[in-house]
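If you want the building blocks of each chain, they are given just below.
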Amino acid sequence: MQNNLYNLLFFPELILLTGSLCILLLGLFIKKNNFSIISNLSTILLVLTGIVTYIDRNTSFLNFNNFFIESNFIKFFQLLVIFGSISVILISKNYYKDQKLVFFEIPILILFSTFGMLLLIASNNLMAMYLGIELQSLTLYVIAAIKRDSLKSSESGLKYFILGALSSGILLYGCSLVYGFTGNTNFDDIHSVISSLEKIELGLIFGLIFILVGLAFKISAVPFHMWTPDVYEGAPTSITAFFAIVPKVSAVALIYRFCLEPFSSLYNEWSQIIVFLSIASMFLGSIAAIRQTNIKRLLAYSSIGHVGYILIGLVSFSDEGTKGAAIYILIYLFMNIAIFSILLSLKFENKYIEKIEDLSGLSKVKPFLSLSIAIIMLSMAGIPPFAGFFGKFYIFASALNSNLYSLAVFGVLSSVIAAFYYLRIIKVIYFDDYKSTNYENNQTNISKFILIISILIISLFILFPSLFTSLSIEASKGFFYK
Amino acid sequence: MFVYTISFYFFSIIAILSALMVISAKNPVHSVLFLILSFVNTSALFVLLGAEFLAMILIVVYVGAVAVLFLFVVMMLDINFIKLREGFLQYLPFGVLLGLVLLIELGMLFYTNNFSENNLVDFSNLPKFSDVENTKILGNVLYTDYFYLFQISGIILLIAMIGSIVLTLRERSGVKKQKIYNQVHLNSKNAIEKKKIELGKGIDV
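Sequences listed follow chains U and V, in order.
Heads up: the first sequence runs through residues 1 to 482, numbered per our numbering.
Heads up: the second sequence runs through residues 1 to 205, numbered per our numbering.
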């Protein structure tokens, strides 16, 4: 018991939860300047949680009825989520102050959302999974609508809420069907029941499909992507940054774990769905983005496309595919942190940049920022020396090794189409005439530091690929020994 | 058994009829009242099944909270329901068609026995609903086996509270509020100020 209590102190979720409750109380009592104090405290708390997550722990007592489990994969994604949340809080500080969005609840809601995502990634039970999803999305609905005087922000929050509630309902229905046909809600038990079935029931497949629909909504895969562009555009940019970076990571981790752990023996059933989601997302992500003029909408479509590539790794159903997805999501995280740290600080004629044409001729005024944007765009398009290429490379390699030639071909085709709009931004920055030189950059030092680090990682990945691949190999072990 | 059958048909017929009235009543307030009637009857059906906890929850949550909320919305907001209902006849054939398709699909499912009860996992080793108090049993597992999940649901409710406060609470400026603490702690020393006024000169107040 002594040992168990000692472990309790080092349980990251518990630390995060009690910490965020304390910060919430503190925020109510500090009257002056509470936003920056609270966001600093939140950052410290998240760093602490990250450290505790990183340290190995023995939590046999705390996993409690197997609602939650541990593995390297889970740990990897949990660390990514924590890292993403920290960077989002840090890069968006100035933006909140500028936009007078100094509700101290925003960092606290981000903390709670992170808590939900940590649970979600580690969940080993249908009920725990559902509660994690709800915890995560409920906070996201609120922070999407946080700019309550703006019609667009309220609209995006409401839209996200209604569609999210619908998808949660579908997911719950799927969970109840799975429970009815397997008699268990625990992932391990579901796995053993399914692998011993001699005939796969129609109802079980229905349940699987419904749950996948709910999860596809959360990762915004086509055809469940409709909310993404509107929500990304309507929400304040700092919130968009959070949406683009963090919940994606957790939802991808969940869909991987869900398909590979309880339902690994139904590969033939779910792979068809995932293949469709993947191809549709890749193509819609690249084709629909061409006509966008708003940079946030464009990033929304680009994130839909990225999800498509990540799903290829799932279909290839091998250690290699999981490894590719882990690298891809890591690189995706850095690219998005970099681009949003620029969008959250670059002003054109006293307004934050929203339209692509606002960027025209930026290279003459802000050469460093233009270079950064160019590097990020090249990397997103997957052009060789940069990190984005390697993400796609590992994914496509895994698809080829699993004999999924058509998927790999579709992936390459769609990334060629997608290259058009990424390159267009570079063209606007470097070759268009500027309308005015009234650019202003109010980046904080921390945000600059994060931007430089991300840019360095993106561009120097080619020199030290083993640094990251070893991490993701470690993370992807353990799915396919069963 | 006879009483059971009679009461089952009684409650279910009223539930279905009131559900029909919900969508056909002209007055939206009547609709909501019929909705409440429908809920009450459904909860009676749950009692017949032996699921008394679900019956209570249905009354508390749906009648107590959701339906009252509906009533508030209907009465407070100025929604033109007649306008909403325009085009009802126009869309009727399409709706009927969709309903028919669903009905045929359901029929096919039952006909092919793919969804029959035998395919479900055998739950027969569980105690029967009607033999045990399911409120007690739920209470037993809720605070022991499912303690974790119970706590997480509590946090979800906390977030719902924080969220609704953040999104709706506004500090109104220009409203004069009584500050009782300050009033009580007034005394002559800091409330009254003596000033000497020189002749022929005013004083700024």
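Among the clues, some could well be false.
Said to hold, decoys possible - Covered stretches of chain U, going by a simulated chain V footprint (3 or more residues, C-beta under 8 Å):
no., region
1, 103-112
2, 127-133
3, 136-147
These aren't lab readings, by the way, just hints derived from the structure by calculation.
A virtual CB, placed ideally from N, CA and C, is assigned to each residue, including glycine.
Structure-based check of each hint:
1. 103-112: It holds: at least three residues are needed, and the region 103-112 of chain U offers 5 whose Cβ sits within less than 8 Å of chain V.
2. 127-133: It holds, with 4 qualifying residues against the three required.
3. 136-147: Contact hint for the region 136-147 of chain U vs chain V: holds, 6 residues under 8 Å.
The structure meets every hint from the earlier list without exception.
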